[in-house]
Amino acid sequence: MDHDIEEKAPQEERIHPIGRSLLWIENSDNIGRMIGFLAVMCFFLLVGDFVFNRYGYFDFEETYGFYAVFGVVALLFITLATRVLRFLVERSEDYYGNASVDGEKYPEKGLDVKEFGRD
Amino acid sequence: MIDALTAFSSALVATPVVVFLAAAVLVALLPRSPIAAAVTIIAPVVSAWWVWTSLPGTYGVLNYGELELALMRNDKFATLFGYAFSLAAFLIAIYAWHVRDKVQQIATLLYAGSAIGAVFAADLITLFVYWEATALTSVFLIWARRTEGAYATGMRYLIVQIGSGVILVAGIAIHYQATGSIALDGLSGSGPAGWNIGIWLILLAFGVKCAFPLLHTWLKDAYPAATVVGTVTLSAFTTKMAVYCLARAFPGTEMLIYIGAAMTVFPIIFAEIENDLRRVLAYSLNIQLGFMVVGIGVGTELSLNGTAAHAFASVLYKGLLFMTLGAVLFRTGTSKATDLGGLYRTMPYTMICCVIGAASISAFPLFSGFVAKSLVFSATAKESYPYVWAVLVFSSAAVLSHSGIKIPYFTFFAKDSGKRPAEAPPHMLLAMGLIAFLCIYIGVFPDHLYALLPHDVEYEPYTSAHILSQLQLLMFAFLAFALLMRFGFFPAEKRVSTLDIDWLYRKVAPAVGRFGVMLTATVWREMARGFRFLVGQSQRAVGQIYGLDGRAAGVLPTGTMVLWLAILLGAALAVNLLEVR
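These protein sequence lines are chains A and B, in that order. Positions 1 to 119 (the working numbering) are the ones given, in order, by the first sequence. Positions 1001 to 1581 (the working numbering) are the ones given, in order, by the second sequence.
Keep in mind that the hints were calculated from the coordinates and are not lab data. Any given hint could be a false lead.
[Said to hold, decoys possible] From the structure, some residues in chain B lie toward chain A, with a derived Cβ separation under 10 angstroms:
| no. | residue |
| --- | --- |
| 1 | Lys1382 |
| 2 | Trp1503 |
| 3 | Ala1528 |
| 4 | Gly1530 |
| 5 | Arg1532 |
| 6 | Gly1536 |
[As the list claims (entries may be wrong)] Listed next, with one range per pair, are the computed distances between beta-carbon atoms:
| no. | chain 1 | residue 1 | chain 2 | residue 2 | range |
| --- | --- | --- | --- | --- | --- |
| 7 | A | Asn30 | B | Thr1053 | 52 to 58 angstroms |
| 8 | B | Gly1191 | A | Phe44 | 36 to 42 angstroms |
| 9 | B | Ser1384 | A | Asn30 | 42 to 48 angstroms |
| 10 | B | Ser1384 | A | Phe43 | 18 to 24 angstroms |
| 11 | A | Arg91 | B | Pro1425 | 31 to 37 angstroms |
| 12 | B | Gly1191 | A | Phe52 | 39 to 45 angstroms |
| 13 | B | Arg1100 | A | Glu26 | 38 to 44 angstroms |
| 14 | B | Gly1186 | A | Gly56 | 54 to 60 angstroms |
| 15 | B | Asp1447 | A | Glu26 | 40 to 46 angstroms |
| 16 | A | Glu62 | B | Thr1053 | 45 to 51 angstroms |
| 17 | B | Arg1100 | A | Phe43 | 20 to 26 angstroms |
[As the list claims (entries may be wrong)] With a Cα cut of at most 20 angstroms, we get these calculated EDC-like pairs of lysine to aspartate or glutamate:
| no. | chain 1 | residue 1 | chain 2 | residue 2 |
| --- | --- | --- | --- | --- |
| 18 | B | Lys1336 | A | Glu115 |
| 19 | B | Lys1336 | A | Asp94 |
| 20 | B | Lys1415 | B | Asp1339 |
| 21 | B | Lys1415 | A | Glu115 |
| 22 | B | Lys1336 | A | Asp112 |
| 23 | B | Lys1507 | B | Glu1148 |
| 24 | B | Lys1415 | A | Asp29 |
Note that beta-carbon positions come from the ideal geometry of N, C-alpha and C, so glycine has one too.
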């Protein structure tokens, strides 16, 4: 195969320049920093409640931090519900057998599967 | 006969449908080539121009006895959907430039044409024809995958879609019998109390195509089974057509508020669990429809504008998300979260488009979802439905979770799947880039979209209060997701298929059927066995008496015969003697 020579090239060679400029996001420390940055932004958004008159249609909506709490609670609730309910509705991929596309591969004829940098 | 045909064709020529019909014939005649693909791109442009130049009013009228059909009823509402569908067909045709499969090309053209025809139909009978036409043409986009699974899925899809048409025509017939009217607009009249069964049936038919709760499974079943381009096409037309018809016929019907609210909640957990990301998007599409249905139920000018704006924006961002996942499928052969991850390395442009689509659907300020969704939210709040409003806010956070975060995160980031697919081909990037641009453009300059809406309503989405509340909701939900993910509490993706209501008719009903057959067969067999036993026993009993070894056969015949002969002769003698005497 003529791919063999390229196989030995370092993995980084086969990354798009834009992709390479983003590789730092996989570093665990950087993920921590990003979450920290997000938390700081959230903090400032919460402070915004005291700066702007965040008027709403309902009284309860105007409570300080209403949307912040709602967002967090909603996500926690969804996560929890997902963890519980998945045992109820999860089945193997071939549960419906031939009558479903879940367990079958997409036919190659309709695709153009190609690796990056290999034409 | 010839007169009728001439009248029909002159009525049809008043509608943009004829453009798609002509293009379909042309594609069928042309060889498989870029020219045929070019025809599919040009047709929607001509259609949009047709809508642009059409004057408001009703024309293309056909008279059949008492019935007056009108094929082209043009007003602002219809025009908006005409543009939306033409634009979608145009962008899909660019995205499908590589396709040389005539089945898909022709099906797409006819499908888009039927949907546009339905939008301009002024009466229920014309609507019914296009209603069924969308079903018949779209199923080929599923079958074009050409696998056993796709064939079976297409069959299920077709049964549901045709079923919806059958219910519709039954409803129309009953309604016509009762009232003598076939008008679509304002079918709901003064509310459900005065409805005949026909109107209920029409609502049910619309509900099937609009994926009401419990009637929704065809959507999540069929859309991910279609081809790369087919799924994008399916996502644009059928359901939006149903939303449009609901808005025409049933504005301000209160039950739709609750049905819509249920639609925004019901699919959330399925979308979270589902592994096939194209199916996640199908569930997410169902949620988007819910927002639109709530808008129809509220029924004020503001909320109907919201439904229209949301439908327009959602055709675009939903199409964009389906396109990005289609591109990933096109390059990797899979759209499952467990097989993907880390694709930002080699598909950065697709990733950027996907993130823009995700930001739009999550309704971040400056993206199209924000300016479209807030109309429905404001209308719901203004009409004082606090619980419904809270449900919609909750489901906005959920949309962020599964469409805003899960889709781009598990496809392009998360773990490194080791896959290094090439970037999507240029024509796909062009289509996705155009939609991404439109998503931002509409978000930044909402007035251009608002100007197209059916009612003249002043609305300003960018108030400090609105921006702040939306950002708080989204960013805090985002933070919660990031922390849950970081500490491993977020449910991991697994290779599974999820059970939905369709389990009832795909597993339970056949099982009940099989049980019924087994029960009948067993009862029959046992009854037959019992009967045979009885017959056998009685045969044996008779045989014991009269058989060869039976008691009746036990006496030797010769001596008995002589005896009986003697008795007979004796008797004859006695009788004679008595006679003589």
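### Task
Go through the hint on Gly1536/B and say holds or violated, using the shortest Cβ distance to chain A against 10 angstroms.
44 angstroms, violated
### Query
Within 39 to 45 angstroms or not, the Cβ separation of Gly1191/B and Phe52/A?
Cβ of Gly1191/B to Cβ of Phe52/A: about 41 angstroms, so the range 39 to 45 angstroms holds.
### Task
Return holds or violated for the Cβ distance of Glu62/A and Thr1053/B against the range 45 to 51 angstroms.
49 angstroms, holds
### Arg1100/B versus Glu26/A beta-carbon gap, inside 38 to 44 angstroms or not
39 angstroms, holds
### Query
Taking the closest Cβ pair, is Gly1530/B under 10 angstroms from chain A?
Hint violated; Gly1530/B Cβ to chain A Cβ min 38 angstroms, cut 10 angstroms.
### Task
For the range 20 to 26 angstroms, tell me whether the beta carbons of Arg1100/B and Phe43/A fit it or not.
Distance hint for Arg1100/B, Phe43/A is violated at roughly 55 angstroms.
### Query
Cβ-Cβ distance between Gly1191/B and Phe44/A: within 36 to 42 angstroms?
48 angstroms Cβ-Cβ, so the 36 to 42 angstroms window is violated.
#### Entry: Pair hint Lys1415/B and Asp1339/B, alpha-carbon separation not exceeding 20 angstroms
10 angstroms, holds
### Message
With the threshold set at 20 angstroms, check whether the alpha-carbon distance from Lys1336/B to Asp112/A stays at or below it.
### Response
17 angstroms, holds
### Task
With 40 to 46 angstroms as the target window, see if Asp1447/B and Glu26/A comply at their CB atoms.
41 angstroms, holds
### Message
Arg1532/B was flagged as interface toward chain A. Is the shortest Cβ-Cβ separation under 10 angstroms?
### Response
39 angstroms, violated
### Query
Under the criterion that the straight-line Cα-Cα distance not exceed 20 angstroms, is the pair Lys1415/B, Asp29/A satisfied?
16 angstroms, holds
Checked against the numbered hints listed earlier, the structure breaks hints 3, 4, 5, 6, 8, 10, 14 and 17; every other hint is satisfied.
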